[in-house]
Each structure stands twice: as C-alpha cells, then as structure tokens.
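**Q** The chain contents come next:
There are 2 protein chains.
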Amino acid sequence: MRRSLVTSVMALLVWGTAAFAADLLPSWNDGSSKRAVVDFVTRVTTPGGRDFVPQPERIAVFDNDGTLWAEQPMYFQAFFIFDRIKALAPQHPEWKDKEPFASVLKGDVKSALAGGEYALVEMAMATHAGTTTEEFDTIVKDWLATARHPTTKRPYTEMVYQPMLELLAYLRANGFKTFIVSGGGIEFMRPWTEKIYGIPPEQVVGSSIETKFELRDGKPVLVRLPEMNFIDDGAGKPVGIQMHIGRRPVAAFGNSDGDLQMLQWTAAGAGARFCLYVHHTDAAREWAYDRQSSIGRLDKGLDEAKAKGWTVVDMKSDWKVVYR
Amino acid sequence: MRRSLVTSVMALLVWGTAAFAADLLPSWNDGSSKRAVVDFVTRVTTPGGRDFVPQPERIAVFDNDGTLWAEQPMYFQAFFIFDRIKALAPQHPEWKDKEPFASVLKGDVKSALAGGEYALVEMAMATHAGTTTEEFDTIVKDWLATARHPTTKRPYTEMVYQPMLELLAYLRANGFKTFIVSGGGIEFMRPWTEKIYGIPPEQVVGSSIETKFELRDGKPVLVRLPEMNFIDDGAGKPVGIQMHIGRRPVAAFGNSDGDLQMLQWTAAGAGARFCLYVHHTDAAREWAYDRQSSIGRLDKGLDEAKAKGWTVVDMKSDWKVVYR
Numbered sequence: 236m237r238r239s240l241v242t243s244v245m246a247l248l249v250w251g252t253a254a255f256a257a258d259l260l261p262s263w264n265d266g267s268s269k270r271a272v273v274d275f276v277t278r279v280t281t282p283g284g285r286d287f288v289p290q291p292e293r294i295a296v297f298d299n300d301g302t303l304w305a306e307q308p309m310y311f312q313a314f315f316i317f318d319r320i321k322a323l324a325p326q327h328p329e330w331k332d333k334e335p336f337a338s339v340l341k342g343d344v345k346s347a348l349a350g351g352e353y354a355l356v357e358m359a360m361a362t363h364a365g366t367t368t369e370e371f372d373t374i375v376k377d378w379l380a381t382a383r384h385p386t387t388k389r390p391y392t393e394m395v396y397q398p399m400l401e402l403l404a405y406l407r408a409n410g411f412k413t414f415i416v417s418g419g420g421i422e423f424m425r426p427w428t429e430k431i432y433g434i435p436p437e438q439v440v441g442s443s444i445e446t447k448f449e450l451r452d453g454k455p456v457l458v459r460l461p462e463m464n465f466i467d468d469g470a471g472k473p474v475g476i477q478m479h480i481g482r483r484p485v486a487a488f489g490n491s492d493g494d495l496q497m498l499q500w501t502a503a504g505a506g507a508r509f510c511l512y513v514h515h516t517d518a519a520r521e522w523a524y525d526r527q528s529s530i531g532r533l534d535k536g537l538d539e540a541k542a543k544g545w546t547v548v549d550m551k552s553d554w555k556v557v558y559r
Numbered sequence: 236m237r238r239s240l241v242t243s244v245m246a247l248l249v250w251g252t253a254a255f256a257a258d259l260l261p262s263w264n265d266g267s268s269k270r271a272v273v274d275f276v277t278r279v280t281t282p283g284g285r286d287f288v289p290q291p292e293r294i295a296v297f298d299n300d301g302t303l304w305a306e307q308p309m310y311f312q313a314f315f316i317f318d319r320i321k322a323l324a325p326q327h328p329e330w331k332d333k334e335p336f337a338s339v340l341k342g343d344v345k346s347a348l349a350g351g352e353y354a355l356v357e358m359a360m361a362t363h364a365g366t367t368t369e370e371f372d373t374i375v376k377d378w379l380a381t382a383r384h385p386t387t388k389r390p391y392t393e394m395v396y397q398p399m400l401e402l403l404a405y406l407r408a409n410g411f412k413t414f415i416v417s418g419g420g421i422e423f424m425r426p427w428t429e430k431i432y433g434i435p436p437e438q439v440v441g442s443s444i445e446t447k448f449e450l451r452d453g454k455p456v457l458v459r460l461p462e463m464n465f466i467d468d469g470a471g472k473p474v475g476i477q478m479h480i481g482r483r484p485v486a487a488f489g490n491s492d493g494d495l496q497m498l499q500w501t502a503a504g505a506g507a508r509f510c511l512y513v514h515h516t517d518a519a520r521e522w523a524y525d526r527q528s529s530i531g532r533l534d535k536g537l538d539e540a541k542a543k544g545w546t547v548v549d550m551k552s553d554w555k556v557v558y559r
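Residue numbers (our numbering), protein chains in the order written: chain A, 236 to 559; chain B, 236 to 559.
For the record, the hints were derived by calculation from the structure and aren't laboratory data. Check each hint, because a few of them may be wrong.
One copy or two, it doesn't matter: identical chains are merged, so the pair holds either way.
Claimed, not checked - In silico EDC-like cross-links for lysine to aspartate or glutamate, where the CA-CA straight-line distance does not exceed 20 Å:
no.	residue 1	residue 2
1	K412	E401
2	K430	D265
3	K555	E401
4	K430	E369
5	K555	D343
6	K454	D538
7	K535	E449
8	K412	E429
9	K535	D452
10	K543	E449
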C-alpha cells in the first residue's frame with residue numbers, strides 16, 4: 236500500500252512537471268529524451284533539493300553544427316568559404332591555377348576538399364583574413380541574407396532545429412546561461428546567433444584566427460590575420476570553455492565525436508550533470524548519419540553515451556518537427 | 236523668460252538625476268566626474284533619446300589593477316608569485332642558485348625584478364603552471380584567505396575601491412553587463428571576482444597560459460602549461476575584448492597607459508561612448524603616481540584623456556572613501 240502511494244505521488248509529480256514542460260517544449264514528442272531533460276532541469280532548479288544548482292552556475296553549452304543547425308552535405312561555413320573564393324577571385328588571378336582554389340572556381344567541390352583539413356584551413360585563411368572585424372561582420376550578414384542551401388533551397392539560418400530553439404529557451408527560462416561552443420569560426424557565428432538563437436556574441440565560443448589592433452589614420456581597427464589562433468574542436472572544446480567561461484558547465488549538448496571531450500568534461504563535475512547527443516536518424520526530414528560520416532561523425536561518442544547513460548535524441552522519433 | 240524657464244527645468248532634471256545617483260554612488264563627491272558618469276548613464280538608458288543604447292549592447296569594461304583594486308608597491312599578483320616560489324622551493328632545490336628565484340628566496344624583491352618583464356614572466360610560468368585548473372583555483376583562494384599587503388596589512392581583496400564597487404553596481408542596475416579586462420592572469424582573478432565585484436568568471440578577460448585537456452585514469456582534467464597563451468595588455472586589450480565579448484564596449488574604465496588602446500577602441504564606436512581614467516592623486520589615503528611610475532604608468536593616456544575630453548577621476552577630491 237505504502238509503495239503504491241509513493242508511486243502514485245511520484246507519477247503525479249512527474250506528470251505535473253512534464254505537463255509544464257510540454258508548454259515550453261511543444262516540438263518534442265513525449266518520451267525518454269524529453270523526460271530526461273525535464274527531470275534534470277527540475278532537479279537542479281528545485282530549492283533545497285539535493286541536486287539544486289545556484290543560478291550563476293547553471294551553465295549550458297551547445298555545439299552548433301549538427302546540434303543547433305544542420306551540417307550536411309558539408310558544414311555551412313564551407314559554403315561561405317566557397318562563395319567568398321568566388322567573390323574574391325578577381326583580386327586573386329593566381330587562384331585560377333592554384334589548388335584548392337582552382338577547383339572551387341570550377342565548381343568542383345570534391346577536388347577542392349581532396350586536400351582534407353589542410354586545404355579547408357588554407358581556404359578559410361584566404362577568405363576570413365584581410366578585413367577588419369567590422370567588415371567581416373557585414374560580409375557574413377550579407378552572405379546569409381542571400382545564400383541558399385543547395386538541397387533545401389532555404390536560407391541557412393532557417394535550417395536551425397526548432398526543438399533545440401525550444402530547449403535553449405526552456406533552459407534560459409529556468410535560469411540557465413546558454414553558450415555555443417563550436418568548431419566553427421567564432422566571428423562567422425556571432426553576427427547572427429543573438430537573433431536566431433538568443434545567444435549574444437559574448438556567449439559564443441569558437442575557432443578563431445589572430446587579430447591585431449591598429450590605428451589607421453588615427454582610427455582604431457582590429458585587423459584579421461591569416462594565422463590560426465585557436466581550434467575549438469575535440470580536446471580544444473574544454474580548453475575553449477575554460478578560457479571563455481571559466482567554470483564547468485552543468486549541461487552539454489552535441490552531436491559528434493568532436494563534442495565528446497566537452498561532454499566528458501561536463502559529466503565529470505561534481506553534482507548533477509546532463510549530457511545529450513543529437514543522433515541524426517531522420518533521412519526523410521533531415522539526414523541520417525553517424526559512425527561512417529566524414530561530417531559530424533558520431534562513433535566513439537555513441538558508445539560512450541550508451542555506456543554512461545547520457546541522453547541520445549533520436550531525431551526521427553523524438554522530434555515532431557525538425558526545422559523552425 | 237522662456238530661457239530661464241528652460242534652464243530651471245533642466246537644472247531640476249539634472250538635480251533629479253544626480254539625486255537619484257547619489258543613492259547609488261554615495262562614496263563619490265559631487266563634481267564633474269560623478270556628473271559625467273550619471274549624465275552618460277542617463278543618456279544611454281533614456282528610451283527614445285538620441286543616445287539610447289539597447290540593453291544587450293550596454294557593455295562596460297574595467298581594468299583591474301589600479302582601477303578596481305590597488306597595485307602598489309607592485310601588482311598584487313607579483314606578491315602571489317613570490318609566495319608561491321617560497322611555497323614551491325622545497326620541490327625546486329635548484330632555485331637556490333638560480334635567478335630570479337634565488338633573490339626571491341632571499342627576500343630581495345628588487346634584485347628579483349631586475350630582469351624586468353622577462354623575469355616576471357619566467358616566475359609566473361614556474362608558479363602558475365603544472366597544476367590542474369581546479370587545483371590552481373584552490374591555491375589562489377587559499378592564498379587570498381591568509382596573505383596580507385605589506386604596507387596596509389589588510390587582505391588584498393579589501394584593497395578594492397569602494398567608489399568603483401558602487402559604480403559597477405550602478406551600471407548593472409542600469410542594464411549594463413560589466414566585464415574585467417585586465418593584464419593580470421585570468422585564472423588569478425576568477426576565483427574571487429564574483430564575490431568581490433559581482434563579476435562572474437565568464438565576464439573576466441585577462442592574460443593566460445596554455446591549458447591542455449587530458450584524461451587521467453579516465454578522469455578529465457585541464458592541465459596548466461608553462462607557455463604563454465595571451466597577454467591582455469596595451470594593444471592586446473581590444474583583441475581580448477573582441478575574442479571574449481565580440482562587440483565593442485560603450486564604456487571603458489582604466490588607470491594606465493596599458494588601458495589606452497582599450498579606451499581608444501571604446502571611444503571610436505558609433506553613438507554615445509564613455510571613457511574614464513582613475514588618476515592616483517592621493518598619497519595620504521592610497522598612492523600618488525602617474526607619468527613616472529614603473530607600475531601603472533599614466534602618461535600618454537593622461538594627455539589623450541585631456542585632448543579627447545575623457546573623464547579623469549581625481550582620487551583625492553572625487554572619492555569620499557578609497558577602500559571598501
């Protein structure tokens with residue numbers, strides 16, 4: 236009898252909590268993923284509870300590519316890089332005979348990327364440096380206003396995940412401070428993350444090139460240089476978190492092996508922690524990929540998530556809609 | 236008649252504003268410095284006014300050494316470094332015969348610092364690296380709990396400026412987000428800035444050494460390495476601001492030539508901007524120094540402040556009290 240009473244009360248509590256969350260997470264199907272999120276948030280925000288976390292320590296970190304917006308058939312920033320190469324080509328006649336630029340100008344993406352990460356970094360440098368920070372901000376905004384995804388034909392900023400937008404807002408409504416921690420370029424994200432995600436520039440962590448302060452005719456500018464400063468991916472993510480945030484997150488959200496160390500770092504803190512992987516399982520509405528993908532590979536991370544009981548979102552069954 | 240009416244109304248408005256501010260800035264004498272601060276805050280927070288700044292863009296940056304707390308007879312972090320050298324000496328028998336460590340161990344600060352910045356960086360590396368980030372956090376907190384300033388005999392965290400604490404709170408009450416942008420070590424400041432200044436770790440920008448993510452027996456740690464990552468001083472300050480904050484401040488507060496580029500960068504933005512130098516003029520209650528000082532030299536900055544009409548706080552006449 237006592238046991239069934241306890242069970243009933245607990246069921247009522249869980250039901251009550253879930254009902255409240257349903258308002259804020261309408262694009263999430265009821266299921267274990269949604270329940271895990273709501274249970275965690277309820278625990279850390281319940282005053283006097285053993286898992287209570289004071290508001291200033293409610294730090295939540297989100298990967299961007301594949302976690303907040305799509306990343307197929309390649310990172311959206313790569314499309315930006317290719318478009319910039321085309322736009323800058325008149326000023327660089329030598330690119331016609333120089334790889335990987337020549338392939339990009341011929342529209343041969345596959346050959347352009349044959350050089351792997353080195354080629355991509357080379358192209359990123361050539362297209363991301365040489366301007367002031369303010370000029371670059373304008374270039375990114377102008378590009379996003381007109382560029383369209385090759386398959387969906389939609390603006391890239393419409394290919395953000397509605398359930399994740401709701402999750403960001405739900406966490407903030409519960410006193411969390413939400414950060415992006417992405418392998419993407421920090422200054423490629425900042426021009427639009429506040430408007431699209433509600434995440435201000437000072438809460439964006441990403442990869443970066445060096446910048447240099449100069450007085451040009453007495454006017455101070457920050458010039459972007461063709462030298463890597465920081466790569467915010469893999470083991471770099473906890474380093475970037477410490478550098479920018481300076482305390483360990485209590486919740487971390489990713490979708491690939493490049494997020495694994497961020498999730499490990501988060502999970503290893505004392506007290507309640509929450510780690511979640513978005514698993515791309517929906518070939519009809521988005522893309523289905525994991526262990527074999529060259530973009531956003533989720534292999535070791537999937538094993539570790541299962542071993543450690545982290546939440547794995549099944550995009551196909553957990554999400555009512557995908558894009559906003 | 237009309238003119239005198241307008242004047243009277245304006246006087247009333249100014250009086251009304253100042254009276255309000257007086258509640259929040261009780262340690263500031265009425266005068267041009269206080270008036271300049273209050274006028275600026277009133278202008279940028281008045282909806283519909285031509286200088287109105289939306290709340291998310293109200294970024295205010297503060298130098299730390301000499302601006303929020305004292306910095307004489309040398310930077311407080313240098314005292315920390317010397318104490319660490321003494322604490323670590325048993326593990327480093329070679330230091331007895333190696334400069335600058337040998338001089339520190341003999342209590343000869345002057346000789347220890349004879350090597351200039353190079354010697355200081357060398358000592359900083361030797362004492363700031365080799366631990367995990369969490370161990371270092373504890374070391375700093377433990378040191379602050381017991382260390383005393385050689386002259387005042389007070390804990391260092393009591394040598395923060397009461398008028399600046401009020402200014403921080405006044406800005407935050409008006410929707411500003413307050414950041415520290417200091418040449419000091421970022422991880423030397425973070426353990427205490429939230430408690431003392433109300434500035435959380437994620438709003439602290441400073442100099443840093445490299446860190447590395449490692450799994451130690453399966454437990455993730457961030458290890459501090461003896462390599463400089465970033466020097467957040469002089470022309471580095473606008474770079475640090477862009478890296479961490481990603482938008483230009485509307486208000487900047489400093490006390491030395493090392494803050495000049497930060498103030499220039501702030502002042503050069505479009506719209507209303509506010510730049511303020513704390514001028515150390517009070518040999519009785521604190522210290523008096525500017526153009527000739529090796530610590531916190533204010534020379535070029537003082538000229539530029541006068542030329543550009545920035546606010547220069549005369550510590551002796553503007554502040555009713557100095558320390559909290």
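**Q** Hint by hint, which ones does this structure get wrong, listed from lowest number up?
**A** 2, 5
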